[in-house]
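S.K.: Chain by chain, the residues:
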Amino acid sequence: MSTKEAAPWESPTSGESRSRSLTICRAQREAVDWEMAHDERVFMMGEDVAGFGGVFGTADGLGDKFGADRVIDMPISETGWIGMAAGAAMEGMRPIIELAYVDFIGVCYNAIVNHAAKTYFMSGGQFKVPMVLISGTGAGYSNAAQHSQCLHATLAHMPGLKVVSPTNAYDAKGMMHTAIRDDNFVVFLVHKGASGVGFMGPLVKTSLSDVPQEDYTVPFGKIKVYREGTDVTIAGVGLAVHQALESADSLAKMGISAEVIDIRSLVPLDRGGIIESVAKTGRLVVADEDYHSYGVSGEVIASVIEHDATIFKAPPQRVCIPDVSIPFSRPLEYSILPLEERITSAALKTIENV
Amino acid sequence: MSLPNSIRRSMFETMVRSRFWDDRLTEQYWIDKTPVFAFGAGPLPGELHTSHGQEPVGAGVCAALSDEDMITTGHRPHHIAVARGVDLREMSAELFGKKAGLSGGRGGHMHLYDRRVNFSSSGIIAEGLGPAAGMAFARKMQKKSGVALSFLGDGAVNQGAFHEVMNIVGLHKLPFICVIEDNKWAVTTHKSMSTACERNSDRAENYGMTGEFVEGNDPELIYLATQRALERARSGEGGTILEIETVRLSGHFMGDPAGYITGEKSEYQVDPVPVYRARLIDDGILTEQEASDTERVIGAEVDEAIKFALDADYPDARDALNCTFA
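From first to last, the protein sequence lines stand for chains E and B.
Per the numbering used here: the first sequence ends with 354, consecutive numbering throughout.
Per the numbering used here: the second sequence ends with 326, consecutive numbering throughout.
The shape of chain B in the complex, shown without the other chains (with noise of 0.2 Å):
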């Protein structure tokens, strides 16, 4: 197997892309928020759970994708609403809870949504499974095309959600991927001393969908991976688990110096940002000199999208009492 060049410089932008603006905000989010830490405190209010060590597994699924695909996705969004092409000003905006955000500085970070895109995020555990589910439904009953993808932490697993919405994806053979991020943790609990499997994608011919498990936080397999999914989906074959081995480089959230991940649990804590870009390079997909020209474009362009941030307004107060009722 071999991907087209453009299609691997392409993970690997968006992949340098959510690491910058993921570096960008911790800078941001420190501001005045020592010596005494306070959620609510400086520019960048707020939990924030950011992407260290994920950005493979948006890169690679969402470069599988088409436009008319659907994305709902957890309180650890960043990486894949990166790669499915939020916008990034917006976004910025919307996480300094400015008027110019998503959806005017009403959701943060954990509740992004770009109609554009049909991107969707929530801060409830595994309950945007549903919507993802109903959202193909919707599809199917309209005729159109589209297939719906729902990313979840593996601790997110062990939900009644994920049970009841994948056994309703396999009863009507719903065009849909379950997208499993498996970084092993639930904020402090490992995934030994929280479920019972070792392999969440192996529950999967209980539900009438296929399994898949892809080893190794690769983008290029996961996106080989999300391409047979996809294939399934779209030829009435129905959902697929995908389970993605990654790893969570950060802390829970911003806070959390995760000191619980030592000993053997942080042998496979690698950053598999420098990983592929060293590996495009041994590949000849890239020249060191284009490496760096592509970090440094794409670090103006984020750079650029938190200064737009910051300078933005923030809502009229009044604002508030906005937008309850269509």
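So here's chain E without its partners, still in its complex pose (with noise of 0.2 Å):
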């Protein structure tokens, strides 16, 4: 595979299930890496991918095995190579496409909305679209407003597309597989903090895992319990999901009982799933690094309150950005990110409410 040495995480196992503790990028670039090698349709088009292996690396080594006629450099030209890569789908191949941080999406969201997104539909089914693209979200490191937001909403609330966003090592690589052969347009995103790509520091513990050496997939549209609990229900996203875990820690050491959920998939939406949880919890704190109104967060709560109102015991807390542009200083950053002692306070506000 690649030339490169294996990174430190990587310990080498010997036997039959040879599986790795890994970071959520090379966890999804092995599963691009099969794809490509066991499908011709499949190839890699973005900005520096070739060479450089993508910003975030998860094409890393893959310009040198496939060579440049598969893993393609494009030019500063989004929604141009964006719109080429639908017209490619169409006609049979399937893309996989990096847009390196989310926030550039406005310079082609035609291509991904109006084209990419609605072709199926408007061609009363003709013309599949099968495409992944993978984009890097999150702040929390002095990015500011431009280079750190989510956009889960922005992307979400558009239909003809299904987004995700895996929050440790073995999603990454199953939710890739299940993106690549999917038959739909699918965007795959991945908290840059949580990802494991070298610029970001300290490895998030709770987002790495064994992940098998073989292809394996991990289906959309269901939740996964990262910790079960009985008092209170935190659904995630992203890196929220692992802000969640530590809340859990803390109110654990107050006696209380929380439930941790990632929502991972938030196109389809494991509407049943989120509201079993709430069912048996009777509280919720939905934690989303995106914007608090008209969110994934509103979309969550109202879901739970269409199926049964009088489900919950307190009324549900939201902890997002608070409508705000993410501001570059570290004190103010900080502030507004749904960090784990918002998550707590949220936490707590639900059980003060009995």
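Treat the hints as calculated values from the structure; they're not laboratory data.
There is no bait here: all hints are sound.
Rough simulated footprint, nothing fancy, chain B against chain E, three-plus residues with beta-carbon under 8 Å: (1) 80-89; (2) 110-122; (3) 159-166.
Once the Cα atoms are required to be at most 30 Å apart in a straight line, the calculated DSSO-like pairs of lysine-lysine come out as: (4) B:K143 x E:K65; (5) B:K143 x E:K128; (6) E:K253 x E:K313; (7) E:K313 x E:K280; (8) E:K65 x B:K144; (9) E:K65 x B:K173; (10) E:K222 x E:K313.
Glycine residues also receive a C-beta, built at the ideal position from the N, C-alpha and C atoms.
Dock chain to chain to rebuild the complex, using the hints, since each chain is given by itself in its own frame.
M.R.: Shown next as structure tokens:
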């Protein structure tokens, strides 16, 4: 595979079930590698993917392995080449494309929303658009308002595209296999802070997992229960899931049992799975690093209420970016992120409200 | 240069078919839209951008194509769709929002798709360029033949997508033809007020492409220029920006009386269909009788397609919920 040395967290193992602890980036890259090796319709296209391996290492070594015809560097022309990817998909290819930061979506939203997402519908099913758009999300590293957004709702709101955001390496690999094999347009978002990319500092331990060498799929439309609990459900998206796990530790010390679930598939959304958890706990906190209003957090809460308005023992809480642009300065930025302290406070509010 | 008579006759037929279809659609369009004009009213709802005057572009370009070639086009797609051989009955049904339409009534007039003839259109200005280039790219990767063409208006050239895609086409020497229909009008804004150069085909050199400008709204010159562009594309020489001088005899869309096309700007507004008819008769390719017969036969074919659409059933309303995902 890659000519590069194994990363330090890749502990070589032997035996039949060869799983290693990987980061999200490296795990999802394995799925891309496998699919490209097994399906000649799959190719990768984006900025700085062929030689550099992509800003987040998602194509690391793939350019050398598959050549410049299948890992294709593109100019800074996103509406051009994302439109091209949609056209290539319409002609039977399965492009994987990388838009490094999801913040850049403004320049290619037309190609994404008006073409890739709508073509299957508008053509009455004549043209499928099986492609995967990989993009990095998230704040927490002083990169300010144009390089820190999640924009979950900006994508998930639009019909015709699936949106997933795995939060650990096992899911990242399995969901990438699922995404590439899907006949639809899938947006694959990974929070930079959880992805294991080199410039984001220490690894988030709960994002690492044992990843089998062989291919496997993780289905879309199913929440993942990270931690079972009985008093309050904390539903998270992206890095907020890991903050929720820390919050659950803090709450446990106070004698409160929190159930932490990872939404991980925004479209399709596992409404039943979320409702099942809330039915058990009667309390809900949604932690989402997207903006507060009109977002996934509101959608999750509304979905539960539409099912059963009497399910809540206390009003549900949202922990999101409070409808401001993401600031640069560390104290300013940290104050608005859905970090452990804010999630814990929100959870306590649901308990105190009993 | 002299084209085979069969091709000249065929291009005339295509122009007549497109014109008759647009004429019938225009009649249908105004039903129930007076005295109060509402896009959404009547049997043929929505915006309607007819192709009156631009028929030579569809006829000339498409006559030169092969089955494996691929087309994307824009919000004014009729003349190209008709020339490409998109099924007239199903296309009519699509415009009337019927179940028998190309997309079961999900697309309508600006969003026409017919996989059988590698045809699609988009209502978003210039955004058909990327998909077309991607189709060319796919064929290249699949080692299959086929040239992709994207049609757009001269006004659309000022979109960023044009620059982005032309650069990539040139960079990768894609089998691609960018057909610019220069009707001089971007809705109500004249080319002289929107575009810094007189001919967009002159931009080609800077994108590593070949540029050709075709004057006169002449289907035969358009056919020959397309042939040259196809040859370059198929032989690996790369893409062409083919800018074709044409006319928009209608307003931007139905309901636009085009009162701004006055004075010297109206002088070149010549209807190409009777011009080509007279020319074929003068050249002895058609007799007056044969031309009339052709018009009668095509008129009946178009009438039948419109009747098919009018008689067809509307989709079950629940169909709105189908077809978002494969």
